[in-house]
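Given next are the chains, with one letter for each unit.
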Amino acid sequence: MEERNLTCINCPMGCSLKVKIYDDKIEVEGNICSRGKEYAENEVTNPKRTVTSTIKVVGGERPVVSVKTTGEIPKKNIFDLMKIINDKSVNAPVKIGEVLIKDVFGVNVVATSNVDRA
Amino acid sequence: MYDVAVIGAGITGACIVRELSKYDLKIIVIEGSYDIANGATKANSGIVHAGYDAKEGTLKAKLNVLGNRMYEDLCRELNVPYKNNGSLVIAFNDEEMKTLELLLNRGLKNGVEGLEIIDKNTLLNLEPNISDRAKGALYAKSAGIVSPYELALSLCESAYLNGAEFIFDAKVTNIIKEKGKFTISTSKGQIISNFVVNAAGVNADEINKMLGGEKFSIIPRRGEYCLLDKSQGNIVNRIIFNTPTEKGKGILVSPTTHGNLLLGPNAHVIEDKLDVSTTGFGLEEVIEGAKKNIKNVNLREIITSFSGVRATPSTGDFIIDVPTRGAVNAAGIESPGLTSAPAIAIMVLELLHKEGLTLNFKSDFKNGRILPKRFIDMNDEEKKAAIEKDKRYGKIICRCEQITEGDIVNAINCPLGAKTVDGVKKRLRAGMGRCQGGFCMPRVVEILSRELKTEPENILKADSGSYILTGKTK
Amino acid sequence: MERDLVIIGGGPAGLAAAIEAKEKGIDDILIIERDKSLGGILNQCIHNGFGLHIFGEQLTGPEYADRFIKKAKDLGIEYYLNTMVLNMTEDKTITVLNENEGLFNIKAKAVICAMGCRERTRGALNIPGTRPSGVFTAGAAQRFVNMEGYNVGKEVVILGSGDIGLIMARRMTLEGAKVKMVLEIMPYSTGLKRNIVQCLDDFDIPLKFNYTVVKIHGRERLEGVTIAKVDENRKPIEQTFEYVKCDTLLLSVGLIPENELSREAGVEIDRVTSGPIVTEAMQTSIDGIFACGNVVHVHDLVDFVTMESRLAGRMAAKYIKGELKKDGDFISTKGIDGIRYVVPHKINPENVEDNVNFFMRVDNVYKNVIIYAEHDGQIIYKAKKPMVSPGEMESIKIKKNVFENIKSGEIKFGLRRA
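Chains as they are written, first to last, in full-length UniProt numbering: chain G, 1 to 118; chain E, 1 to 474; chain D, 1 to 418.
Heads up, a few of these hints could be off.
Keeping only pairs whose Cα atoms sit at most 27 Å apart, straight-line, the calculated DSSO-like set for lysine-lysine is [to be verified]: (1) K384/E with K88/G; (2) K453/E with K56/G; (3) K180/D with K83/G; (4) K92/D with K383/E; (5) K325/D with K109/D; (6) K453/E with K36/D; (7) K382/D with K321/D; (8) K62/E with K22/E; (9) K391/E with K36/D; (10) K474/E with K48/G; (11) K325/D with K56/G; (12) K325/D with K384/E; (13) K154/D with K24/D.
Derived from the structure by calculation, the hints contain no laboratory data.
Every value quoted in this text rests on a predicted model; they were computed, and no experiment measured them.
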């Protein structure tokens with residue numbers, strides 16, 4: 001059995017959760033509502049995150065454009081994705097919502113702002 | 001090959017080079033840091049003292065009174081903010097009232113005009129925010145306030161306009177005298193000059209040693225300050241001093257020429273001449289000291305704190321002498337150094353003349369400044385004209401002090417212009433307001449980088465090594 | 001130039017107010033924005049988490065701003081960029097400066113102040129030490145990293161666990177910096193739990209409560225900071241002083257509403273919020289000058305800024321049309337027993353729409369409390385809260401009919417044990 005301590009992020013209470021991970025089940029203690037249990041189960045089985053960053057823009061009014069993943073990616077892959085994002089460069093203009101990187105870790109990376117040509 | 005080399009571009013060096021530039025001479029100023037007024041000149045009280053502090057007969061006493069009388073004209077010629085607002089030394093008990101008598105008498109002996117002792121009622125009428133415990137005060141009508149770094153800048157600009165040359169980031173490492181000429185080795189190469197002036201501030205003792213002068217030492221004494229927002233600038237109208245005691249002069253409270261309120265300084269001897277850090281203890285001392293004199297000040301309005309290192313001479317008085325034939329020391333210029341500086345310059349020129357320097361008045365001496373008037377200082381018509389000529393005057397970069405892009409571009413591109421973020425700040429006050437550069441600093445970096453044609457990573461805050469950015473993210 | 005409605009600030013507050021006023025029939029609107037684009041600070045807040053209340057989805061800052069910018073443009077609302085308001089007078093004359101039109105005056109029928117806030121600086125904290133480069137407010141660093149594309153340092157200490165500080169801890173980590181720790185002088189964080197977990201815990205960045213920076217080291221570039229634990233009076237404990245090597249210190253130590261213009265015009269300011277005293281209509285003490293968003297009080301969520309600003313826009317429209325009631329008795333509000341402030345400060349029941357949303361902040365962390373509103377000894381509202389914290393703004397909705405019954409006097413908001 002593995003034991004992990006987490007802080008629930010669903011509300012300002014921030015319950016300290018103790019999660020016991022058995023081969024066949026997961027037990028959560030310390031939560032005062034069901035959202036805490038659900039959160040803890042996801043966090044220990046497959047934690048996922050949305051990543052936001054910037055991508056280099058060539059010939060734009062600004063040198064970078066803000067981006068986000070269209071969904072959550074496994075937490076363990078955040079830095080792998082950052083490497084891909086850092087190696088990418090796009091040409092201006094960039095439109096908000098434009099897909100800049102396709103299908104990485106099951107999501108797209110899209111622009112979250114507009115960058116016009118310089 | 002120069003006629004005169006002035007080492008140091010603080011207020012003393014600045015007054016000297018400007019005075020020299022009135023004559024037909026080839027002059028160079030050698031400054032160790034990146035900018036004019038980077039030492040004690042940028043971090044002092046900015047007070048033009050009346051002259052009752054120093055003992056009669058000292059250089060300090062004589063030059064203070066002379067310097068004070070020169071200020072109004074000098075600042076008018078150079079278009080530098082100066083206000084003859086007077087000072088008050090506050091006494092809290094009978095013993096201190098007696099000390100005021102001593103100061104009054106000393107002032108009279110020193111030739112100070114406009115001195116009188118006033119009672120509590122008169123005092124509180126003049127300054128309603130003085131502590132209720134005050135008993136009376138010594139009122140010195142001839143005291144005033146000035147912006148010391150602006151004065152130094154404008155003096156240097158005036159000298160530049162009249163042919164003086166400047167070299168920065170040039171640390172003097174050695175001076176050799178051969179056949180009546182000085183070879184000055186610096187980190188930026190050698191400079192040869194017939195005459196040398198040592199106005200090197202806290203390093204003046206080392207330069208004196210290189211010149212072979214009689215040994216003295218400069219004891220670095222640090223003073224810490226707190227600066228308050230303009231919302232507090234009207235708490236007092238005059239400069240407020242404590243009655244000096246054996247423990248020292250106490251903490252002064254003064255409006256600045258820009259309408260802020262300044263508290264400080266304390267005085268502590270330190271080891272390292274370059275250590276301009278502040279301490280928790282010291283700032284507490286400043287705040288407590290100020291609270292003793294005045295009431296109703298909102299200390300939540302402190303916008304910054306800083307410290308300066310004063311060049312206290314081991315001799316107790318200014319050292320203005322000849323260390324070796326052809327050289328003149330202007331050393332140990334601690335308080336009232338700012339006040340005395342214009343008079344020190346006259347004395348230094350007299351000594352140089354005695355050493356054989358020929359002084360022929362220039363017929364074409366030009367008064368004035370290089371740095372154009374700031375947008376905020378213009379009247380509406382000038383503002384409109386400025387925008388018409390250069391529309392960047394229509395773009396505010398520093399919100400708190402209302403400094404425009406036009407101001408900044410000019411401050412960078414003019415001779416003796418700003419090379420760093422602090423240089424821009426010193427010339428225009430951009431980033432000196434309540435947000436302390438939070439909004440405008442990234443913009444100022446961008447403009448510096450564009451105008452100096454270098455990458456933003458190379459832009460410095462102050463001196464070499466003070467980089468702001470560490471590289472591109474992508 | 002004469003205008004019906006001038007809105008100072010084109011961030012989320014100004015945009016929402018403008019759109020609402022336009023939709024309520026005011027055509028002659030001008031937004032004045034000092035930056036080069038609309039959207040305000042949202043443009044540099046590239047992380048997500050915005051818009052849950054307003055749009056029911058998680059947006060990044062620029063996306064949230066874009067929805068309002070598009071709408072404002074679609075509605076044909078006029079705006080000036082790179083334009084600074086230099087002065088505002090009591091009679092609603094505004095002195096404006098920009099590159100194209102130069103220096104000119106605008107006389108407005110109504111003004112909405114939506115200037116937002118600025119960050120507290122090192123100077124305001126009076127942290128002793130040297131003055132090297134490498135000390136940034138978190139927002140200035142955010143602008144460099146997210147908008148200008150530059151890193152500001154490699155080894156980072158962050159003072160203050162406000163949301164911007166937490167967000168920047170993650171941003172700088174993702175961009176390759178080592179964030180060594182986040183220090184918080186209080187025993188609790190003013191940041192959202194989600195940010196503590198996803199910005200710090202995810203990257204093993206320690207958050208040290210009851211800690212502060214007591215000294216800054218380094219002559220040219222920052223070389224390190226001395227940190228210390230503080231006692232219950234927030235005084236540093238000398239035995240806990242510890243040197244931490246770093247080249248960057250980010251400050252996330254609070255925001256201050258930017259009310260210099262309002263002050264100069266003579267608008268009455270609340271000393272607690274540092275924002276103007278406002279009515280149920282978000283009107284300041286000067287007739288026809290309204291205010292909304294972070295210029296009134298610092299919000300945690302932009303969604304609440306939007307709601308408050310829509311109200312200001314609606315009410316300014318009513319004012320211009322002469323429909324806003326000026327006379328009549330005002331009910332005043334006050335925070336007591338654990339409530340630091342309440343906005344709005346005054347209620348004219350005749351102008352209340354369906355209800356009034358009261359925003360307030362508590363002075364400490366409390367568990368299992370009741371927030372109540374009391375008028376003349378009568379409890380007119382109460383709600384149970386498992387936990388309240390200074391970091392989370394509380395909002396209470398009170399229905400119109402409640403005010404009709406009381407009409408004048410003072411409503412006190414307080415906390416008591418459940």
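Structure-based check of each hint:
A hinted pair counts as satisfied when its Cα atoms are at most 27 Å apart, and K384/E with K88/G does not qualify at roughly 46 Å. Annotation: proposed proximity of K453/E to K56/G holds, straight-line Cα distance about 22 Å (limit 27 Å). About 22 Å separates the Cα atoms of K180/D and K83/G, which keeps this hinted pair within 27 Å; it holds. Between the alpha carbons of K92/D and K383/E the distance comes to roughly 22 Å, so the proposed pair stays at or under 27 Å and holds.
About 16 Å separates the Cα atoms of K325/D and K109/D, which keeps this hinted pair within 27 Å; it holds. Using a Cα cut-off of 27 Å, the hinted pair K453/E and K36/D holds, with the two alpha carbons roughly 22 Å apart. Taken as a hint, the K382/D and K321/D pair is broken in the structure, with Cα atoms around 36 Å apart against an allowance of 27 Å. Between the alpha carbons of K62/E and K22/E the distance comes to roughly 24 Å, so the proposed pair stays at or under 27 Å and holds.
Of the pairs offered as hints, the one joining K391/E and K36/D holds, with about 15 Å between alpha carbons and a cut-off of 27 Å not exceeded. The hinted pair formed by K474/E and K48/G meets the criterion: a straight-line CA distance of about 25 Å does not exceed 27 Å. The hinted pair formed by K325/D and K56/G fails the criterion: a straight-line CA distance of about 53 Å is larger than 27 Å. Straight-line distance between C-alpha atoms of K325/D and K384/E comes to about 41 Å, which puts the hinted pair past the 27 Å bound.
For the proposed pair K154/D and K24/D, the alpha carbon gap of about 51 Å is over 27 Å, so the pair is violated.
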